[in-house]
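Colleague: Each chain is listed here by its residues.
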Amino acid sequence: MKTPFRDIISFALLVFGILLILYLFEVINITYLVLLGISFIVYSVPGVFFSLKKGYRLILVISTAIFFVGVLFLTKQIYHLPDSREIYLTSSLFILGACFLILFVENNREKKFFIVSIILLVLAFTSVYIFKLPFLHLFFNKVDLVMLNGWSYLLVLLGLFLLINRKK
Amino acid sequence: MDENNRNEIDFKSLENVSSSNESSSYRTSKLTRSKDDFILTGTCGGVAKYLKIDQVFLRILLILSIFFGGWGIVVYVVASFLLPPDQSSQEISSEEKQKIKRINNRTFLGGILLFVGLYIMLSNLGLIFYVSPFNLSWNFIIPLFALLISLYLVVHRKQIENEEQSNLPEKLSCSLNDKKFFGICGGFALYLGVDVLIIRILWILVTYVTAGIGLLVYMLLFIILKSERKENENPVS
Numbered sequence: 001m002k003t004p005f006r007d008i009i010s011f012a013l014l015v016f017g018i019l020l021i022l023y024l025f026e027v028i029n030i031t032y033l034v035l036l037g038i039s040f041i042v043y044s045v046p047g048v049f050f051s052l053k054k055g056y057r058l059i060l061v062i063s064t065a066i067f068f069v070g071v072l073f074l075t076k077q078i079y080h081l082p083d084s085r086e087i088y089l090t091s092s093l094f095i096l097g098a099c100f101l102i103l104f105v106e107n108n109r110e111k112k113f114f115i116v117s118i119i120l121l122v123l124a125f126t127s128v129y130i131f132k133l134p135f136l137h138l139f140f141n142k143v144d145l146v147m148l149n150g151w152s153y154l155l156v157l158l159g160l161f162l163l164i165n166r167k168k
Numbered sequence: 001m002d003e004n005n006r007n008e009i010d011f012k013s014l015e016n017v018s019s020s021n022e023s024s025s026y027r028t029s030k031l032t033r034s035k036d037d038f039i040l041t042g043t044c045g046g047v048a049k050y051l052k053i054d055q056v057f058l059r060i061l062l063i064l065s066i067f068f069g070g071w072g073i074v075v076y077v078v079a080s081f082l083l084p085p086d087q088s089s090q091e092i093s094s095e096e097k098q099k100i101k102r103i104n105n106r107t108f109l110g111g112i113l114l115f116v117g118l119y120i121m122l123s124n125l126g127l128i129f130y131v132s133p134f135n136l137s138w139n140f141i142i143p144l145f146a147l148l149i150s151l152y153l154v155v156h157r158k159q160i161e162n163e164e165q166s167n168l169p170e171k172l173s174c175s176l177n178d179k180k181f182f183g184i185c186g187g188f189a190l191y192l193g194v195d196v197l198i199i200r201i202l203w204i205l206v207t208y209v210t211a212g213i214g215l216l217v218y219m220l221l222f223i224i225l226k227s228e229r230k231e232n233e234n235p236v237s
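Chains A and B are the protein sequences, given in the same order.
Per the numbering used here, residue 1 is the first one in the first sequence, and the count goes up by one each step.
Per the numbering used here, residue 1 is the first one in the second sequence, and the count goes up by one each step.
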């Protein structure tokens, strides 16, 4: 792990630990989701800054994704958003678009990242309305059923695949 | 007299050999934290080296111990603070280091996916028992671990030694050597400087989460990259 990122992670963990202890002793009244959201943002803002400066693209993408996951947690908790599929689908598209956009910011000669990010961001914004169309709603409901049931099996399979192929 | 002297010399030389063997076996059998084979602190790498087993078994055991009260994690944290780092002068080549790093990254991601998958699976089946070490609440253990890891990172903080600017390619292109379909994941792996297998796994997950839109992005990128390659091959004069 690169040195500034070790420091940033240790700082984010420190913030998380302290906030959780304050919550346990009822000094502050927040939920786990808000705590995670704050810690994610604490990590990702300097993470994006340093990786942009140093040109570490992988950490840049990961930090951007973590930032938006943190924002999603905070928004979900503060605005009491329901636990529905549309939120996750829209957010995933938005986060994916943001990751491509940050890759374009890092290297603005790569216009393809901008094109892909715009498509994904537009898709994310319009998905709120698109998924309300009857045929798409039906399709995504069916996909959702398969996804929810198969989610854990897919994760286990992919994990085992990685572990088995670790030396290849 | 001469024979006696010779015997004495032979005996001394034997003693020297045995003592040198002993010292070398002592060096190799010392329990330390590995400085080359690490994911977090190198404890698993060091212990696996000591026990002469594959470190992945220890790491999986550590992850699975969370389902049985998390004692493995407690032992790991304590061992990380107690074990000294490996001081042996045996240096390994940078190629070997890269190989170990790649294997460890795959083990780490694979372990996390396996843990999350098993956790969801067991929760759905109602087989998760919330047992915790010392019967302490997880609400107390989680911040404690967070603070301990933070402390560990601060204690073992390395000096910033002129960290080099990353040396990644300027352009994203389809990989010609490392491809399963169109080489987009291979190209991305090169562009981001990461293992191609990890990119493939992440792409599958993203495709799954976005109900197939990840696949559309893959195709879109392929079309853009293909048209770019054609433009480069036949530049307009």
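No lab work stands behind these hints: they were computed from the structure.
Note that CB positions come from ideal geometry on N, CA and C, so glycine has one too.
Where hints are given, some of them may not hold.
[To be verified] Below, simulated DSS-like cross-link-like pairs (lysine-lysine); rule was C-alpha separation at most 27 Å, straight line:
1) A:Lys-167 / B:Lys-97
2) B:Lys-180 / A:Lys-53
3) A:Lys-112 / B:Lys-97
4) B:Lys-101 / A:Lys-167
5) B:Lys-30 / A:Lys-112
6) B:Lys-30 / B:Lys-97
[What the hints assert, rightly or not] To list a few chain A residues with every Cβ distance to chain B over 10 Å, as calculated:
7) Val-34
8) Phe-125
9) Leu-160
Colleague: Hint by hint, say whether it matches the structure.
Modeller: Results for each hint:
1. A:Lys-167 / B:Lys-97: Within the cut-off at roughly 13 Å; holds.
2. B:Lys-180 / A:Lys-53: violated (33 Å)
3. A:Lys-112 / B:Lys-97: With a Cα-Cα distance of about 34 Å, the restraint between Lys-112 of chain A and Lys-97 of chain B is violated, given a limit of 27 Å.
4. B:Lys-101 / A:Lys-167: Cα-Cα ~11 Å, so holds.
5. B:Lys-30 / A:Lys-112: Outside the cut-off at roughly 53 Å; violated.
6. B:Lys-30 / B:Lys-97: holds (21 Å)
7. Val-34: holds (15 Å)
8. Phe-125: Correct as stated: the minimum Cβ-Cβ distance to chain B is 14 Å, above 10 Å.
9. Leu-160: Check fails; 6 Å does not lie beyond 10 Å.
The structure is inconsistent with the numbered hints 2, 3, 5, 9, although it conforms to all the rest.
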